[in-house]
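The primary structure of each chain is shown beneath.
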Amino acid sequence: MPIYDQGYRRYEARGPLRTLRFWPITREALRLVLSRRAFLGLLAVGWLPFVVRVIQIYIVTRFPEAGRVLPVDGRLFGEYLNTQIGLALFLTIFGGAGLIANDLRTGAILVYLSRPLTRRDYVLGKLSVLLALNASVTLVPALLLYGIGLALAPEQYMTWSLWWIGPAIVLHATLICVSISLLSLAVSSLTKSARIAGLGFFGLFVGLEMARGVLRNIFDVRGATLLSIQADLRGIGSALFGVTPSRFDLVDWPAAALVLLLVAAGCLLLLRSRVRAVEIVR
Amino acid sequence: MSGAIEFVRASRWYGPVIALNDVTVTVGPGVTGLLGPNGAGKSTFLKLAAGQLAPSQGEVRLLGKPAWGSPEIFHRAGLCPEADAFWDNLSGFEFLMALLRLTGYGEAECRQRTEAALEQVDLMAARHRRVGGYSKGMRQRVKLAQALAHDPEVLLLDEPLSGMDPVNRRRIVDLVKRLAKAGRTVLVSSHILHEVEAMTRRVLLINNGRILAEGDVREIRDLMDQHPHTVSVRARDPRAIARAVVDHDHVLSLSFGAEGSWLTVQTARPDEFYGALLEIAESAGLEEMFAPDEDLGSVFHYLVPR
Chain A
15 MPIYDQGYRR YEARGPLRTL RFWPITREAL RLVLSRRAFL GLLAVGWLPF
65 VVRVIQIYIV TRFPEAGRVL PVDGRLFGEY LNTQIGLALF LTIFGGAGLI
115 ANDLRTGAIL VYLSRPLTRR DYVLGKLSVL LALNASVTLV PALLLYGIGL
165 ALAPEQYMTW SLWWIGPAIV LHATLICVSI SLLSLAVSSL TKSARIAGLG
215 FFGLFVGLEM ARGVLRNIFD VRGATLLSIQ ADLRGIGSAL FGVTPSRFDL
265 VDWPAAALVL LLVAAGCLLL LRSRVRAVEI VR
Chain B
35 MSGAIEFVRA SRWYGPVIAL NDVTVTVGPG VTGLLGPNGA GKSTFLKLAA
85 GQLAPSQGEV RLLGKPAWGS PEIFHRAGLC PEADAFWDNL SGFEFLMALL
135 RLTGYGEAEC RQRTEAALEQ VDLMAARHRR VGGYSKGMRQ RVKLAQALAH
185 DPEVLLLDEP LSGMDPVNRR RIVDLVKRLA KAGRTVLVSS HILHEVEAMT
235 RRVLLINNGR ILAEGDVREI RDLMDQHPHT VSVRARDPRA IARAVVDHDH
285 VLSLSFGAEG SWLTVQTARP DEFYGALLEI AESAGLEEMF APDEDLGSVF
335 HYLVPR
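Protein chains in written order, with our numbering: chain A, 15 to 296; chain B, 35 to 340.
Don't read these hints as lab results, they were simulated from the structure. On a predicted model such as this, the values are computed, not experimentally measured, just so you know. Heads up, the beta-carbon is just placed ideally off N, CA and C, and yes, glycines get one too. Please note that the accuracy of each hint is not assured.
As the list claims (entries may be wrong) - If you want a taste of the chain B side facing chain A, the calculated C-beta under 7 Å gives, among others:
| no. | residue |
| --- | --- |
| 1 | A88 |
| 2 | W102 |
| 3 | S104 |
| 4 | E106 |
| 5 | H109 |
| 6 | L113 |
| 7 | P115 |
| 8 | A117 |
| 9 | F120 |
| 10 | A132 |
| 11 | R135 |
| 12 | L136 |
| 13 | T137 |
Take the sequences, apply the hints, and build the full model.
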């Protein structure tokens with residue numbers, strides 16, 4: 015019978031990372047996403063509206079009378095962020111549809127969760143990828159735009175009447191990033207196919223927007239605007255930045271915020287039940 | 035002394051299906067083989083031990099802590115799953131690096147450990163190829179490398195030799211033995227008796243979700259030897275073999291296959307039969323031989339009372 019050494023020996027295995035345990039997941043996924051040229055192209059397209067807005071601010075600072083037609087107050091940032099919602103949607107589909115779906119397909123989720131990571135760390139790692147991607151076309155350019163505004167027209171932006179623009183940008187961009195990212199991740203956890211996840215996410219966004227359009231514009235159902243996540247985000251943005259929405263986009267912002275809160279809670283519950291190392295088939 | 039892996043009245047069921055039923059067992063240092071036919075509950079046992087599943091009832095402890103919900107212990111445990119579990123678009127090197135980063139190592143140490151682990155499983159030459167293009171045996175080895183790379187105290191290997199060629203099989207068997215000799219706890223699941231026998235003599239027999247027996251693999255052999263043992267041989271002249279063994283009292287029956295080149299013998303003492311076979315093998319032109327009873331299903335057929 016073999017006799018095994020039962021004595022103490024020092025193993026070299028490390029303790030788990032105490033903080034930012036999710037970071038290696040985010041880093042690896044970002045590296046893979048950003049290595050795709052098509053994705054970088056899409057990211058570049060996402061910055062075109064930024065260039066347009068910079069030109070707008072520049073023109074208004076040079077020719078102040080143009081400000082009557084192209085205002086550069088809070089409305090500029092509200093409209094800019096509302097435009098970016100669509101771009102964030104495409105960026106999320108290309109960069110995030112497979113984030114969980116691919117791990118479920120390949121079984122890699124098992125090796126992730128056999129490391130010193132919790133399921134929460136795993137979700138946070140994947141969510142951070144989408145938050146970073148979405149922030150790169152919403153929060154970052156919007157703050158940069160604000161900075162350019164401050165630099166080009168300090169006398170206009172450094173007044174007490176416009177101090178709120180910075181915090182409003184952070185609030186609205188965060189809302190856009192978190193809502194889109196959570197929803198995309200939840201859809202990705204429902205399937206093992208990145209393609210189906212992408213189509214599902216697109217269908218959810220566009221389908222609900224179309225349903226809103228039909229119900230609101232044809233049947234004049236007022237509450238229908240709440241159905242669309244895009245419209246809810248736009249509605250809150252419009253309320254924050256003082257943008258006058260069209261009659262069909264009119265939405266009660268507290269109700270829109272409640273809808274987004276419920277959607278986020280639903281996504282978290284879904285992720286909690288779907289992110290498992292072992293698929294349990296009943 | 036408590037073992038690295040402890041099951042205390044642990045059960046796991048999936049809806050109405052019981053995968054593991056009231057199991058109490060302790061696994062300590064060295065290699066322990068988890069033997070059972072397909073569907074016996076081996077993978078569920080390993081997943082419970084690896085903290086990938088919560089027990090429906092009872093307790094499963096790994097290194098003294100509840101296996102489920104204690105991810106901090108996973109830096110001391112390595113799991114080699116049965117099914118493929120990697121990102122196809124990464125190379126073997128990148129795959130291991132990514133997993134070591136998750137375990138908390140810095141870049142330089144990740145690189146050094148990755149290379150050491152790939153070296154151990156003989157994949158250094160293929161380290162920059164995409165895992166998606168690896169053969170079944172190479173995939174198996176890269177899975178093993180990721181389980182070893184962080185130098186864990188406990189290794190849980192689910193069918194680790196599946197799909198490997200004989201040379202690499204030998205290499206992995208030696209590696210597992212070395213790891214065990216260094217004091218690690220290695221639990222290896224398999225449905226092939228001789229695979230486990232090559233690594234260890236200590237086995238847990240599992241069937242229908244229950245631990246059926248625990249102990250030395252030779253005891254299973256002894257149990258098997260108390261029952262008729264079937265051996266099939268293919269030879270140029272099978273009747274010569276039949277003539278040579280028919281007088282032995284341990285031979286219980288003889289039958290010839292339809293093609294005429296196969297002879298199936300039932301013997302009560304396989305060792306004596308193999309001795310007699312060796313004497314006649316050359317003159318009878320022995321070409322092929324297999325013992326259907328080596329199949330673990332037959333072992334359980336003997337062991338499980340009906």
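Hint-by-hint comparison with the structure:
no.: 1; hint: A88; in the structure: violated, 10 Å
no.: 2; hint: W102; in the structure: violated, 11 Å
no.: 3; hint: S104; in the structure: violated, 9 Å
no.: 4; hint: E106; in the structure: holds, 5 Å
no.: 5; hint: H109; in the structure: holds, 5 Å
no.: 6; hint: L113; in the structure: holds, 4 Å
no.: 7; hint: P115; in the structure: holds, 5 Å
no.: 8; hint: A117; in the structure: holds, 5 Å
no.: 9; hint: F120; in the structure: holds, 6 Å
no.: 10; hint: A132; in the structure: holds, 5 Å
no.: 11; hint: R135; in the structure: holds, 4 Å
no.: 12; hint: L136; in the structure: holds, 4 Å
no.: 13; hint: T137; in the structure: holds, 6 Å
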